[in-house]
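Q: The residues making up each chain are set out below.
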Amino acid sequence: DTGVSQNPRHKITKRGQNVTFRCDPISEHNRLYWYRQTLGQGPEFLTYFQNEAQLEKSRLLSDRFSAERPKGSFSTLEIQRTEQGDSAMYLCASRHSGGEETQYFGPGTRLLVL
Amino acid sequence: GDSVTQMEGPVTLSEEAFLTINCTYTATGYPSLFWYVQYPGEGLQLLLKATKADDKGSNKGFEATYRKETTSFHLEKGSVQVSDSAVYFCALTGGGSNYKLTFGKGTLLTVNP
Numbered sequence: 001d002t003g004v005s006q007n008p009r010h011k012i013t014k015r016g017q018n019v020t021f022r023c024d025p026i027s028e029h030n031r032l033y034w035y036r037q038t039l040g041q042g043p044e045f046l047t048y049f050q051n052e053a054q055l056e057k058s059r060l061l062s063d064r065f066s067a068e069r070p071k072g073s074f075s076t077l078e079i080q081r082t083e084q085g086d087s088a089m090y091l092c093a094s095r096h097s098g099g100e101e102t103q104y105f106g107p108g109t110r111l112l113v114l
Numbered sequence: 115g116d117s118v119t120q121m122e123g124p125v126t127l128s129e130e131a132f133l134t135i136n137c138t139y140t141a142t143g144y145p146s147l148f149w150y151v152q153y154p155g156e157g158l159q160l161l162l163k164a165t166k167a168d169d170k171g172s173n174k175g176f177e178a179t180y181r182k183e184t185t186s187f188h189l190e191k192g193s194v195q196v197s198d199s200a201v202y203f204c205a206l207t208g209g210g211s212n213y214k215l216t217f218g219k220g221t222l223l224t225v226n227p
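For the record, the sequence lines run as chains H and B.
With the numbering used here, letter number 70 in the first sequence gets 70, and the count goes up by one each step, no holes.
With the numbering used here, letter number 10 in the second sequence gets 124, and the count goes up by one each step, no holes.
Please note: incorrect hints may appear among the correct ones.
Unchecked claim - Calculated lysine to any residue pairs in the SDA-like style (CA-CA distance at most 25 Å, straight line): (1) B:Lys219 - H:Lys71; (2) B:Lys182 - H:Ala88; (3) B:Lys170 - H:His96; (4) B:Lys219 - H:Leu61; (5) B:Lys166 - H:Arg15; (6) B:Lys166 - H:Ser97; (7) H:Lys71 - H:Asp24; (8) B:Lys166 - H:Gly85; (9) B:Lys219 - H:Val113; (10) B:Lys174 - B:Thr134; (11) H:Lys11 - B:Gly157; (12) B:Lys191 - H:Ser97; (13) B:Lys219 - H:Leu39; (14) B:Lys182 - H:Glu101; (15) B:Lys166 - H:Glu100; (16) B:Lys219 - H:Leu112.
What the hints contain is simulated information worked out from the structure, not anything from laboratory work.
Starting from the given sequences, assemble the full structure and let the hints guide the process.
A: Quick look at the structure:
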């Protein structure tokens with residue numbers, strides 16, 4: 001069990017560019033969650049998957065955001081036409097449905113939009 | 115909707131002092147309650163949890179009791195150490211099948227030697 005991994009750990013981009021983040025959950029965890037954390041705030045829910053199905057999206061997830069989990073394993077979160085307000089830490093977590101409720105978090109990807 | 119309110123920080127204590135971080139919640143149904151900790155430069159880690167009323171979660175000397183009557187889940191430790199310096203987040207999973215976490219804003223704890 002290697003834990004949840006996220007790549008890249010840091011990303012600096014210019015406003016208007018597209019960025020993509022990757023999350024590799026703990027193997028056999030069929031639920032995967034994305035959260036966003038801004039400075040001085042707690043993480044806020046963005047979306048979650050059960051296997052490859054995206055089952056819920058927050059209103060925080062504008063049309064510029066898209067998430068996929070094509071084979072029910074790793075997931076990607078893409079932000080198109082980035083804005084300065086997108087600067088945040090993007091966190092991924094996973095858990096196994098039917099088991100304990102604990103979500104295990106990755107180290108996060110810190111995005112800075114200039 | 116669900117919400118979590120935790121005491122504002124930062125909190126600064128001397129080593130071996132008693133710690134309390136207050137947390138109250140609003141939720142429909144019967145939430146599970148969690149404390150997560152974020153050490154400097156690291157990801158969120160589960161510290162303890164409680165899944166039903168009157169349950170006490172405990173880990174590493176920290177404790178919190180699920181109080182349904184006061185909708186609270188206060189975090190306590192009898193004697194803090196410098197290594198406990200971190201940001202502490204209270205969180206809940208509300209009703210429904212998605213088990214998404216709703217977090218408080220976090221409380222920064224600094225313990226001085």
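Q: With reference to the structure, classify each hint as holding or not holding.
A: Against the structure, the hints come out as follows:
1. For a cut-off of 25 Å, the pair hint linking Lys219 of chain B to Lys71 of chain H is broken: about 34 Å separates their Cα positions.
2. Between the alpha carbons of Lys182 of chain B and Ala88 of chain H the distance comes to roughly 34 Å, so the proposed pair goes past 25 Å and is violated.
3. Distance check on the hinted pair: Lys170 of chain B and His96 of chain H sit about 23 Å apart at the alpha-carbon level, within 25 Å; holds.
4. Only pairs whose Cα atoms come within 25 Å are accepted, and Lys219 of chain B paired with Leu61 of chain H is accepted, the gap being roughly 20 Å.
5. For the proposed pair Lys166 of chain B and Arg15 of chain H, the alpha carbon gap of about 46 Å is over 25 Å, so the pair is violated.
6. A C-alpha spacing of about 19 Å is found between Lys166 of chain B and Ser97 of chain H, which places the hinted pair at or below 25 Å, so the restraint holds.
7. Of the supplied pair hints, the one linking Lys71 of chain H and Asp24 of chain H holds, its CA atoms being roughly 12 Å apart against a limit of 25 Å.
8. Restraint check for Lys166 of chain B and Gly85 of chain H: not satisfied, since their Cα atoms lie roughly 38 Å apart, outside the 25 Å limit.
9. At roughly 23 Å between alpha-carbon atoms, Lys219 of chain B and Val113 of chain H fall within 25 Å of each other, so this suggested pair holds.
10. Note on Lys174 of chain B and Thr134 of chain B: the hinted pairing holds, with a Cα-Cα distance of about 15 Å set against a maximum of 25 Å.
11. For the suggested pair Lys11 of chain H and Gly157 of chain B, the alpha carbons sit about 17 Å apart, so the restraint of at most 25 Å is met.
12. For the given pair, Lys191 of chain B sits about 31 Å from Ser97 of chain H by alpha-carbon distance, which is inconsistent with the 25 Å threshold.
13. With a C-alpha separation of about 10 Å, the suggested pair Lys219 of chain B and Leu39 of chain H falls inside the 25 Å cut-off, and the hint holds.
14. This hinted pair checks out: Lys182 of chain B and Glu101 of chain H have alpha carbons roughly 19 Å apart, not beyond 25 Å.
15. With a C-alpha separation of about 13 Å, the suggested pair Lys166 of chain B and Glu100 of chain H falls inside the 25 Å cut-off, and the hint holds.
16. Only pairs whose Cα atoms come within 25 Å are accepted, and Lys219 of chain B paired with Leu112 of chain H is accepted, the gap being roughly 21 Å.
When held up to the earlier numbered hints, the structure conflicts with 1, 2, 5, 8, 12 and fits the remainder.
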